[in-house]
Amino acid sequence: MEKRMNPALVVQLIISGFLMGGVYSLIALGLSLIFGVLRVINFAHGEMMIWGMYIAYTILLLTGIDPFFSLVVSAGALFILGYIVQRVVVNRIIEFPEAMQVIAMIGTALIFENGARLIWGPDYRSPASRFALSSIWIGEIMIDVPRLLAFLIAILIAALVFLFLKYTDTGKAIRSSADNRLGALLVGTDVNRVYAVCFGIGTACVGAAGALLVPLMPLSPHIGPPFTMVSFIIVILGGMGSLIGAVVGGLIVGVAESVATIFLPSSLKQIVSFTLMVAILLLRPKGLFGR
Amino acid sequence: MEKMNRRTFLKYSATVGATTAFSGFPAILRSQPKEILIGSIQPVTGVIADVGIGDRRANQLAVDEINAKGGIKSLGGAKLKLLLADCEAKEEVGRTEAERLIKEGAVCLTGPFLSGVAIAIGTLCEARGIPFVIDVAAADAVTQKGFKYTFRCFPTSSTLIRNIGEFLGQIVKERKANIKRIAVTNAGDLFGRLQGKAFVDFVKAKKLSFDAEIVEHIEYPLGVQDLSSEVTKIRAAKPDILCPVARPGDAKLLIRELYKQRVELLGIVGPGSPGWYEPEFIKDMGPLADFVMDNAPWPNPKSSKYKEINDRFAKLYPGKYLDGNSGYGYLSVMVIADALERAKSTNPDALVEALRKINYKDNPMVGGPVQFTPNGDNANAATALLQVLKREVKVVLPKEYAETSYVFPQPPLWKRG
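As they're listed, the protein sequences go chains A and B. The letter at position 231 of the first sequence is residue 231 when you use my numbering, and the numbering goes up by one with no holes. Count along the second sequence from 1, then add 291; that gives the number in my numbering.
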C-alpha cells in the first residue's frame, strides 16, 4: 500500500480534482441559482449541458473555432432555450408540489436527451481541438491544459454571475424575487420575466460548462444524468440556493472524488460524494452555506 | 376526394369482405404465415446506444437479404419482419420489452449486446418457451444457467481470454518483447467486470506462456466521464502493457489521458472489448488510435461473403463498416433464417430442434461454421487480434486470417501528437 501513497500521486490527484471541481462548480451554480429563486429543481440540468456541449462541438466541426471561445454561443443558445423552457414548462408548475414538479422536469430531460440523439446521433464523439492534448509538467506533476483553462474560465464566469446579481438592476430584481416573491410583485417587479431570465442564466451557466467539457470528455447524448446527479449533490452539500455554497461544494466534490480513487475502486467513486453529503448534512442540516 | 355516400360505402365494404373471404381466411386455414416476426432487442438508447444501433441495423441488413432472396422457402416464401425493441442497456427494461415482443407474436428473439440483459431475456424465454438467438453477449454465465431455448452466436468470455493469452504469448515469442508488468482496466458492467477479472485471474494463475504479473487492476463505472485519476494510478504502477476492457466512450478518455500523462507503455492490448475499432474512435483520435491492439470477434477479411455484406452496410450507413458486433448482429438473423428453413415451421420446439442441429457454413466471421454445443454456445466462434495501422483496422493474428504483420512494441503515444 505504501507505494500507492506516494506524495506525487496524491498531489496529482488533488490538482486534477480541484480543476475538475471548478467545472462542477459552474454546473452546480446554475442549478443552485434556479432553485434559490424559483424553488424548482431543474432535473434536466445535465441534459441541457449536453446541448451546450453539442453546440460547441458543431461550431468546432464547422468552423474550427475552439470550444473555449464558442462557449459564448453555447451559453447564449442555452439562455434562450432556458428562457423558453421556463415560459412553456416551469412557469406552469411553479406552484405545484415538488413531486409533480419533478415529473415535468424529468420529462423535459428526456426530450432534451433524445432530441440530441435525433440531431447528433448516438456515437461518442471526441473532436480534436487545439488544446485537447496539451499538458504542462512541473517535475512529476502534470497539469492538464484544457482542464486548467476550463477551471479558470468557469471561475471567471461564476464571478461574473455574482457581480451581475449584486450590481445590475436585473440582478437586484432576481434577488428580491428570491427573497420575497409577494413583496417583489407588490413593488411592481415583473416576476414572471425575472424568473425566465433567472432560469435562462442558470441554463447559460451549464451551457458554458458544457462547452468547457468538450475537450475533456467524449460527448454522447446520454452522458447527462450523472451530471444532474453530481450537481444536485453539490447544491445540497453547499446549501440549497446558496451560490457560494455551489462553488465551494463543487471544488470539495471534485477533490474528494479524485483523491478517493487511492482508497476505493473507481466504480465506487460516487459513494464518496454521497457520503460527504450525508456527513455534512449531519453536522449542518442546511448545508455548508445554507441559511 | 369525393364524399363517401351509403352506396359507395356498401360497394367498398363488399369488396373488402370478399377479399378477406378469398385471401385472408384460407391463409389462416393453411396456417402458413405471410410474415414471420423476429424480435430484435438492442440497447439503442442509453450509454452504449452507438453499438446498439449498429447491431439493430445489422439485424435488419440480414432480414432484408433474406426477403430479397425470396423469404423462407420451406414456408411458402414467408417474409421476415423485425420487431424492434430498446432495452436502454437495462436488465429490467430488456425483460419487459422481450415480454412485449413475445405478446406481439415474435417467434424468435435476438439481441441484446449486454450479457446482463441477455440473462434477463434468456430467463423469460425459458418461461415462455420462445427461442432466443443471442447475437452479441460474451459472459460465460449466459449459457450456464441450463437454458434450453437460448443459443449464442458470439464467442464466450473464456474463448476471448484463452485467445488473448495465445496472442500475447506469440507476440512475446516473435518480438522478444519484455512484458513483465501488466495493468488491467475494465468498465463496471457485467461483461466488463467478468472479462477484466477473468483476464486478471488468467495472468495470476500463470497461464500465460511467459512470466508476468498484474501491477494494477482498475474498474470504473460504465459511462464514466473522467479517467484522469485512474490513469495517474496506472502511471504510478509502471506497467509494460495496458490491457483495457473498454466501451467506446471510455476508450477515448483513456487514450487521451495516457497521452497527456505520458504513460510509458510497450503497448495497449485489449483482451477483448469494443472501443478500439469503431470509425469514430479512429477519426477522433487520429494518430493516437494507431497501433492499438484488440482481441475481438471480427469479420473474416478473406471472406467474399463479408466483402459483399460490408459493401451493402457501408452504402446504407456512410462512414460505418461492419465490425465484430454488427457482424454477429447479421449472423444471428441468418442463423434464425436457416433454422426456420429447415424446421419448416414457426413452432418454437421445432425451431429449437433445428437450431440444435445447425451447421451454418456461410459464416462471414473469423471462425468455422456455426454449430451449437448442448448448452447453446457456438462451438466454432473465434477471435482475431486487430491492430489499427494507418487509421485502418487490420487483422494481424492468427496468421491464417492476417491481412498484414503487426507492430510491437508500439511507438510511444506522446511522440505522435
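Take the hints with a grain of salt, since some may be wrong.
Which residues of chain A face chain B? A few of them, derived with a C-beta cut under 7 Å, are [what the hints assert, rightly or not]:
1. Q12
2. M142
3. D144
4. M217
5. P265
In case anyone wonders, no lab produced these hints; they're calculated from the structure. Treat the numbers as computed from the prediction; the structure is a model and nothing was measured. Using N, Cα and C, we set each Cβ at its ideal position, and we do this for glycine too.
Do the hints match the structure? See the list:
no. : hint : in the structure
1   : Q12  : 5 Å, holds
2   : M142 : 5 Å, holds
3   : D144 : 6 Å, holds
4   : M217 : 5 Å, holds
5   : P265 : 5 Å, holds
Violated hints for the displayed structure: none, as all numbered hints are satisfied.
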